[in-house]
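Q: Sequence:
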Amino acid sequence: MAHQIAVDIEPKPWTGRSDGTSAEHLRWHHAVQPYSAETAPGDCVLIGFSSDEGVRRNKGRRGAADGPDALRAGLASMALAEPLQIQDAGTVAVSGEELEAGQAALGNAVNAALDSGHFPVVLGGGHEIAYGTYLGVAGSELRTAGAKLGILNLDAHFDLRGDPIPSSGTPFRQIAEDEAAAGTSHQYSVIGISQPSNTTALFDTAHRLGVRYLLDEECGVIDRGVVDQFLADFLDDVDLVYLTIDLDVLPAAVAPGVSAPAAYGVSLETIQYVCDRVTSSGKLAVLDVAELNPSLDVDNRTARTAARLIHRIVTKHVPVRR
400 MAHQIAVDIE PKPWTGRSDG TSAEHLRWHH AVQPYSAETA PGDCVLIGFS
450 SDEGVRRNKG RRGAADGPDA LRAGLASMAL AEPLQIQDAG TVAVSGEELE
500 AGQAALGNAV NAALDSGHFP VVLGGGHEIA YGTYLGVAGS ELRTAGAKLG
550 ILNLDAHFDL RGDPIPSSGT PFRQIAEDEA AAGTSHQYSV IGISQPSNTT
600 ALFDTAHRLG VRYLLDEECG VIDRGVVDQF LADFLDDVDL VYLTIDLDVL
650 PAAVAPGVSA PAAYGVSLET IQYVCDRVTS SGKLAVLDVA ELNPSLDVDN
700 RTARTAARLI HRIVTKHVPV RR
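All residue numbers for the sequence shown refer to my numbering, where the first residue is 400 and numbers rise by one.
Hints are computed from structural coordinates only; laboratory data are not their basis.
Careful, some of the hints might be misleading.
[As the list claims (entries may be wrong)] Here are the simulated DSS-like pairs of lysine-lysine, each with C-alpha atoms no more than 30 Å apart in a straight line: (1) Lys715 x Lys411; (2) Lys715 x Lys682; (3) Lys715 x Lys547; (4) Lys547 x Lys682.
Using the sequences and the hints, build the whole thing.
A: Below, the structure is given as structure tokens:
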């Protein structure tokens, strides 16, 4: 069944470098079309989430609301080795301080894309994006009774704060509370946790909630076996995966354009390896990318890196069996 996707900002025409119009010259901007509810299932559907209200509430540096357009610009001229069906549904924008309404709207958009049989890729936006994306996958037809949801967060932070007001630092605690209230099963796992960036209270919360994690210092290239086993255990334990990438998981030299640049971080090589494993698993239902702050970026370095990861995930994606 086809589903309309409601957004606040309609998709704009994509432009970029063009070396020709034949298949061997294909780039993202040639392939992207505006979203249509009438298209057959199987496309990648881009949904923007323009918000940094959660970052503001979490006392971070604002600017991530401009992330969706910067990610689109980073993707536009990337070459495609073979034809790909990509649709742009436009952008859900948080108005003023109305974060919760924006997250609900994002959830509806993700839900519509999933129930239409597509692969939604959500372009953020602060990491408050996570709760909205979760609402979409939790309410989708893919979340059948007994299906265990796996959330894999590539992030320097747990984002499990107990603050009474939701922010970019609370989404995974909110998700845990929703899952407990619904009596459903999920596994939240994190790769790239920075010990100096998370208090003992946050580690205690993670342990209490059964969160599995790898520290950033356990994710070096020489630690590939450790990362591989962590991923194997995660993927074997869940039926459906939501992958969320907070760009501050990367070293500051690679991703300077984030609210909280990483002093150590996880190498791009390791992050790409993780993305490859997850997208080829046949369990990845939805992806979001968070915390790109173009006003803090250097030579579009962070946007280009994020776009490369999105390109990799989309072009190697094995759809979820329905």
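Q: Below or equal to 30 Å on CA atoms is what counts here, so check lysine 547 against lysine 682.
A: holds (11 Å)
Q: Going straight from one Cα to the other, do lysine 715 and lysine 682 come out at no more than 30 Å?
A: holds (13 Å)
Q: For a C-alpha distance cap of 30 Å, please report whether lysine 715 and lysine 411 respect it.
A: Roughly 26 Å between the alpha carbons, so the hint for lysine 715 and lysine 411 holds.
Q: With the threshold set at 30 Å, check whether the alpha-carbon distance from lysine 715 to lysine 547 stays at or below it.
A: holds (23 Å)
Violation of the numbered hints given earlier is absent; every hint is satisfied by the structure.
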